[in-house]
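Chains as they are written, first to last, in my numbering: chain V, 19 to 246; chain S, 19 to 246.
Any given hint could turn out to be false.
A pair holds if it fits inside one copy or across any two, identical chains being indistinguishable in the list.
Once the Cα atoms are required to be at most 20 Å apart in a straight line, the calculated EDC-like pairs of lysine to aspartate or glutamate come out as [what the hints assert, rightly or not]:
no., residue 1, residue 2
1, 210, 156
2, 210, 188
3, 210, 144
4, 210, 187
5, 210, 48
Hints listed in this document are in silico derivations from the structure and should not be mistaken for laboratory results.
Protein chains: 2
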Amino acid sequence: MQVAFLLYDGFTPLDAIGPFQVLASMPAAEPVFVAERAGPITSDSPRCTIIAQLSLDQVAAPEIVVVPGSLTSFHDLFQHEPLLDWLRRVHEQARLTTSVCTGSLLLAAAGLLDGLPATTHWLARDLLATFGTTVVPERVVDTGRIITAAGVSSGIDMALRVVQRIHGDDVARAVQLGIEYDPDPPFDSGSKENAPPAIVAAVSASLARRGAAWIPAMTAPGSATPEA
Amino acid sequence: MQVAFLLYDGFTPLDAIGPFQVLASMPAAEPVFVAERAGPITSDSPRCTIIAQLSLDQVAAPEIVVVPGSLTSFHDLFQHEPLLDWLRRVHEQARLTTSVCTGSLLLAAAGLLDGLPATTHWLARDLLATFGTTVVPERVVDTGRIITAAGVSSGIDMALRVVQRIHGDDVARAVQLGIEYDPDPPFDSGSKENAPPAIVAAVSASLARRGAAWIPAMTAPGSATPEA
Chain V
19 MQVAFLLYDG FTPLDAIGPF QVLASMPAAE PVFVAERAGP ITSDSPRCTI
69 IAQLSLDQVA APEIVVVPGS LTSFHDLFQH EPLLDWLRRV HEQARLTTSV
119 CTGSLLLAAA GLLDGLPATT HWLARDLLAT FGTTVVPERV VDTGRIITAA
169 GVSSGIDMAL RVVQRIHGDD VARAVQLGIE YDPDPPFDSG SKENAPPAIV
219 AAVSASLARR GAAWIPAMTA PGSATPEA
Chain S
19 MQVAFLLYDG FTPLDAIGPF QVLASMPAAE PVFVAERAGP ITSDSPRCTI
69 IAQLSLDQVA APEIVVVPGS LTSFHDLFQH EPLLDWLRRV HEQARLTTSV
119 CTGSLLLAAA GLLDGLPATT HWLARDLLAT FGTTVVPERV VDTGRIITAA
169 GVSSGIDMAL RVVQRIHGDD VARAVQLGIE YDPDPPFDSG SKENAPPAIV
219 AAVSASLARR GAAWIPAMTA PGSATPEA
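Isolated chain V, as found in the complex (with noise of 0.2 Å):
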């Protein structure tokens, strides 16, 4: 079963590394880095590079695919055909397309969202909508053949979700538990619902200074609803 985790430039390090932990466990997966080129491709952080095995042209037909997203500016690529056009393809077969954080956002620009529920990162949650995108302020939203989850680490969340849907619920928890998946956040802070609103403002102040060029202040790409 192959699992294709795809990397760009820019794609911020946990939401890709927090499902490939609990997908690379499962019971025959065969994990692959793919990108647009293979080679070392640098996150969003520029000290964390990690290596693509393959290039887009070399996973024709996955059966599950993880989109990540990027805190920092990414959206040229949201009319970047060579990639948007891999996404419309290996969708077509896979078994379970799915993003975390604003790795949605690259869904949407490919046209996998039309007319489905979905989220993103809370900060990311305006310009998800102006792709057409029914927003859903959940942590994961499962419509099927599609599921997305919100900011960074809810990948992990959604990674379990999967790794249920496909082996069942024992399997599942034994990933959580090879993991050790027993989450003690210090704070209640860790959504834009329970932060206290000064907190909120911060972070959106401090993303956009990081170059997050999706957040609400961004003007949306003209083809914001690009046909498939």
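Keeping the supplied structure of chain V fixed, place chain S upon it in accordance with the hints.
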């Protein structure tokens, strides 16, 4: 503020990337991946390779050190002096030396946990105790200058406490919100204490098959309590 993430052949990806995602978001953080030799380092999942920018001798005085664990056999490292020497040397000056999962076995092998309480992956507790460490079955154990975390995903919780220690509650809350860390695991199966006994047994057997020579059945290495 240099934050050094140690890599070695067979490291567990999420052990490194969970804390990286959190600590790279800290104000003024300068994260760097370091390994015995700079270059690509492959994890215990052979499809995940991360680039180490610097070699051990190029990182002399990081302020924070993060040591990931391995879910496969890596106990040759328990006697690998170039690595253990580096850990001892950087710990002398570091503000915080931290570990995730079985990374605490490397700290113990270097003698850094002598007389201290510490935690590790639930399957490695017995082995950690053979080093003379007082094993505490908690998710994060903070002894002041050394913080150890339990299995794999616990590095996220640990790293948020590091941010809290260094920058205070509000910055830690902001980093938590930035990565939308509002965890929602599908089951209450993330710890040895909570998971069904049959699942505990299955994971133990599964990791043993993957080559986790550090699980309880293993004989501890001869030099279990080296002098620092």
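To see whether the hints hold, each was checked on the structure:
When the C-alpha separation of residue 210 and residue 156 is checked against a cutoff of 20 Å, the pair qualifies only within one copy, where the shortest distance is 11 Å, while the shortest distance between copies is 29 Å. Proximity of residue 210 to residue 188 under the C-alpha cut-off of 20 Å is restricted to the inter-copy arrangement: shortest distance 14 Å between copies versus 32 Å within a copy. For a Cα distance limit of 20 Å, the shortest separation of residue 210 from residue 144 inside one copy, 13 Å, qualifies, whereas the shortest one across copies, 41 Å, does not. Only between protomers do residue 210 and residue 187 lie at most 20 Å apart by alpha-carbon distance; the minimum there is 17 Å, versus 30 Å within a single protomer.
In this assembly of identical chains, residue 210 and residue 48 lie within 20 Å of each other by CA distance neither inside one copy nor across copies; the values are 35 Å within and 27 Å between.
The structure fails to meet hint 5 from the earlier list, while all remaining hints are met.
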